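Q: In case you want the letters, here they are:
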Amino acid sequence: MLMNLFKFKGGVKPPTNKTQSVTLPIAQAPLPSRLVVPLHQSIGGVPQPVVQAGDKVLKGQLIGEADGWISAAVHAPTSGTVLEVAMHVQPHPSGLDAMCVVIEPDGKDEWIERQPFDYANAAPEAVREYLQQSGVVGLGGAVFPTHGKLTPSKTVPMEELVINGAECEPFITCDDLLMRERAEEVVRGIGIFRDLLQPKKVLIGIEDNKPEAAAAMRAAVDALGESFSVVPVPTLYPAGGAKQLIRVLTGKEVPASKRSTDLGVQCFNVATAYTAWRAIAHGEPVVSRLVTLSGNVHAPRNYEVLIGTPMGELLQLAQPHPDTDGIVMGGPMMGFLVPDANVPVVKATNCLIAHSDRIFPPKAPEMPCIRCGSCAQACPHELQPFEMYWFSRAKNFGKTQEYHIFDCIECGCCSFVCPSRIPLVQYFRFAKSEIWAREREKKAADTAKERFEFKQLREEREKAEKAEKLAKAAAAQAAKKAAEAAAAAAAENTDPAAATPPVAETAPSTDATPAVAVDAAQEAKKAAIAAAMARAKAQREAAQPKNTEVLSSAAQHDVADIEARRAAAHLTDPEPGTPPAPASEKAE
Amino acid sequence: MMFAPAPYLLKDVSVSQVMTQVCIALVPGIAAYAWLVGPAILAQIVIASLAALLAEALMLRIQGKPLAMFLSDGSAVVTAWLIALAFPPLAPWWLVVTGTVFAIVVAKQLYGGLGQNPFNPAMIAFAVCIVAFPALMSQWPSVGLQLSLVDQMNVILGFMPRVDALSGATPLDAMKTALKLGEGSVDVAHLLANQDIYGNFAGRGWEWVAVGYLLGGLWMLQRKLITWHVPTAFIGALVAISGALWLYNPAQFASPLFHLFSGAAMLGAFFIATDPVSGCTTPRGKLIFGAGCGLLAYIIRVFGGYPDGVAFAVLLLNLCAPVIDLLTQPPIFGMKDKA
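Chains Z and P, in that order, are what the protein sequence lines are.
Heads up, the first sequence is in our numbering, so the first residue is 66 and it goes up one at a time.
Heads up, the second sequence is in our numbering, so the first residue is 129 and it goes up one at a time.
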């Protein structure tokens, strides 16, 4: 069938190195001595372990439960005993540990009871959930949970379903062999995706350096009576990048800010379709995958490998040369040297390349950028890598974002062509992580500020509430006391002229306090003091002789004299508790 | 365990390979130069190269940078060759050395070395020397002179007196002066008939040197060492303005062919304006940069004070390059409809 293909700008043509590993059919890797199965094998939530040390497990038994919608379950790759659930080093450039289930195989490789899933009669929702429970994730390397991509957009009609069999990275041939040997199951898997997404077209893109795979796929499509198009695409790295393949097959460009679904396209790897079919038709969760062993080895080949197999042990099958000094997981353009030979094969492991200086000569020293623009010409996202490099180096991260650093897919084309051998992608990763770190910091600071402000607000509110409560209580108390005092005063006071005015003055005010200013503690206090004063006055007046006002001046004088003498005597009286001890102490 | 980053496969390219190929591309032009104009150019190239390498080594030493790595990058040699080709072939050795040292020390290393210079070092050398030593810089030998190599060397090294008879004006200079002095009474066709100076379509001998540069430039294009943008825009602009004025008055303005193959037009279009460090990098920026160079070169040649304008045109556009780049950023993948 003739089809109008589109081009993406840029791209490079590294030596493909694929012929070495396609001469022999796929082989089954033997059971390893131990399997270390990481729980976090897909993008999204970390699955929770559902087994513990000592448990017996069967092949395909659930060992990690999906955590949230964007997450996928993890299963035991073979039957055996769980040795431990513990932290182990991961196949990740960071070399960090993560929670793993370690299984000692019993050698029987005994499956759980497998039942096909009747997907023809199941709701799409149920199919998606089944795929999630089967641990089906994108096997192209990004390991995005597949069910998450199988929901069509509500607003944009699904135009094209793109199936990625391009496999553009040098050395890797696992998708090639999968399509050659298991094309029918791949095509059936694509049928499931087609049923769920209802696209108008299904396009299977395969780089034109794999004619056997394309022929096998075409034959399978015809045999199954499907209307899928098998399209050979030009061999140009990174034609296998989802965005590049979508561009080549549909002419649509998906920017970093959008998802392909927004443009009516969805893209899956051929191996993902295969595992989806195995799960649906055979009840087999994803417990193994195809891995290419290549590079500095005697016998490069593709193997079906259990997830969790230690890479060092696996690589021995290909008989690495003695000068092998490391293992690259993935291709030579985007892969990485694993931190330890014991790291396990995971769902993202498509290829192991034995590394040696002979096949990957050490990089010459980095020279200054001469702005030759080769990187910009090679960039498939049409970025200006030399500008991003300049600003990354200067730590001017705002500028790197102006030059769209987050559109960089880290394909390595720029580093590949740079005559100054500048590890450009490293600079971009550095800049991205710095930007992320700063955003996290800013977010943390914002949260802390918010929390502080909320705390302040709450404390103020509590203070106000407390004061109100106190004021109410005090006012009530004061009113009660004032009332008592007034009553007492009224009872004792026989001279209305002398006793009534103060009581009359205070009583209304104390009475009024609760009504007028209920909430003011100050007022309450004032009222309480006033009440106390009124009480004291009333007492004093009650204790005073009542006949002094009407005395003669002489008698008054006598009384005054007596009072003066009394006062003087009281003042001059030495206090009982003040001995002259301090003075004597000083003298000594 | 090592953690070298991907990609592990690298294309077999290096800065020194790029520079070496630029030198190779210069060879046809140099060969024509040595054959038709004077073999002394080879000596000048050697002198300039030695001066450049020594100056570079000294500056690297002072800055504590690795000598071998940067001396072998070839950038100093390219600068030296361009300087030798831009200077009069019989210029005294110390003039070439002065220009080269200034280019390497001031225009390149003081700005931070390889990849950091805002101006084209070779053109800085030319501009500095033509301002400081205008007389020496305008002494171009007439092609008909036919001095032996030994005599040429003696002139360069100062063992033979520089006499006026040695030098004639360049074809461009002769044309300009004659047209200015003639004030309309002299026409271009009449001038071109002077076979001492002019050949088939431009300066005698020089036209073939320019053809050599053109061939080298096409080879660089084919090797993808340069992109088509700058040379095409340069030549296009030069042809457009010279063609327009030539059509307007063919008696007073020389043809586009004459301008293309005279002076430093071809050298400038393929080897000087294409310098990535000091030029523009975006596709549209390169077009503007090249066209600006071609246009300014013509204006300076015909209406300005210097016989050839390529050096000043390039330097002026070097000044504008950052702004041009900033204003001509191409839209990226997936964002084309937004522009």
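Worth double-checking, as some hints may not be accurate.
[Unchecked claim] Using C-beta positions, here's what the derived DEER-type ranges look like:
1. Z:Ala510 with P:Trp347: 38 to 44 Å
2. Z:Gln85 with P:Gln145: 43 to 49 Å
3. Z:Pro387 with P:Leu455: 56 to 62 Å
4. Z:Lys323 with P:Arg412: 23 to 29 Å
[Claimed, not checked] Sample of chain Z residues with no beta-carbon within 10 Å of chain P, all distances over it, derived:
5. Thr88
6. Phe182
7. Thr220
8. Ala321
9. His347
10. Thr389
11. Phe451
12. Gly463
13. Ala502
14. Arg526
[Claimed, not checked] Chain Z side only, calculated, beta carbon under 10 Å to chain P, not exhaustive:
15. Met164
16. Leu262
17. Lys265
18. Val319
19. Val393
Everything labelled a hint here was simulated from the structure, so no lab data went into it.
Quick caveat, the model's predicted, so the values are computed rather than measured.
Even for Gly, the Cβ is constructed at its ideal location relative to N, Cα and C.
Q: All hints are to be evaluated individually against the structure, with a verdict given for each.
A: How the hints compare with the structure:
At about 58 Å, the beta-carbon gap between Ala510 of chain Z and Trp347 of chain P misses the expected band of 38 to 44 Å. Between Gln85 of chain Z and Gln145 of chain P, the C-beta spacing of about 28 Å breaks the proposed range 43 to 49 Å. One distance hint, 56 to 62 Å for the beta-carbon pair Pro387 of chain Z and Leu455 of chain P, holds here, with the actual separation near 57 Å. Take Lys323 of chain Z and Arg412 of chain P: their Cβ atoms lie about 26 Å apart, and the range 23 to 29 Å holds.
Distance check on Thr88 of chain Z: its Cβ is at least 22 Å (rounded) from any Cβ of chain P, clearing the 10 Å threshold; non-interface status holds. With a minimum CB-CB distance of about 37 Å to chain P, Phe182 of chain Z clears the 10 Å threshold, and the non-interface call stands. No Cβ of chain P comes within 10 Å of the Cβ of Thr220 of chain Z; the nearest lies about 18 Å off, and the non-interface call holds. With 10 Å as the threshold on Cβ separation, the claim that Ala321 of chain Z sits away from chain P is violated: the shortest Cβ distance comes to roughly 7 Å.
With a minimum CB-CB distance of about 36 Å to chain P, His347 of chain Z clears the 10 Å threshold, and the non-interface call stands. Under the 10 Å C-beta cut-off, the non-interface status given to Thr389 of chain Z relative to chain P holds; the minimum distance is some 13 Å. Not every C-beta of chain P lies more than 10 Å from that of Phe451 of chain Z, the closest at about 7 Å, which undercuts listing it as non-interface. With a least CB separation of 15 Å from chain P, Gly463 of chain Z remains clear of the 10 Å interface cut-off, as annotated.
Here Ala502 of chain Z stays apart from chain P, with its beta-carbon at least about 19 Å from theirs, past the 10 Å limit. The Cβ of Arg526 of chain Z lies farther than 10 Å from every Cβ of chain P, with a closest approach of about 49 Å, so its non-interface assignment holds. Using the Cβ-Cβ criterion of 10 Å, the hint placing Met164 of chain Z at the interface with chain P is not satisfied: the shortest such distance is roughly 22 Å. Proximity of Leu262 of chain Z to chain P is violated relative to the hint, the smallest CB-CB distance being about 21 Å (cut-off 10 Å).
For Lys265 of chain Z, the interface hint is violated, since its Cβ never comes within 10 Å of a Cβ in chain P; the closest pair sits about 21 Å apart. The criterion of a C-beta within 10 Å of any C-beta in chain P is met by Val319 of chain Z, whose closest approach is roughly 6 Å, and the hint holds. Annotation: Val393 of chain Z was flagged as interfacial toward chain P, and the flag holds, the nearest CB pair being 6 Å apart, inside 10 Å.
In this structure, the earlier hints numbered 1, 2, 8, 11, 15, 16, 17 are contradicted, and the remaining ones agree with it.
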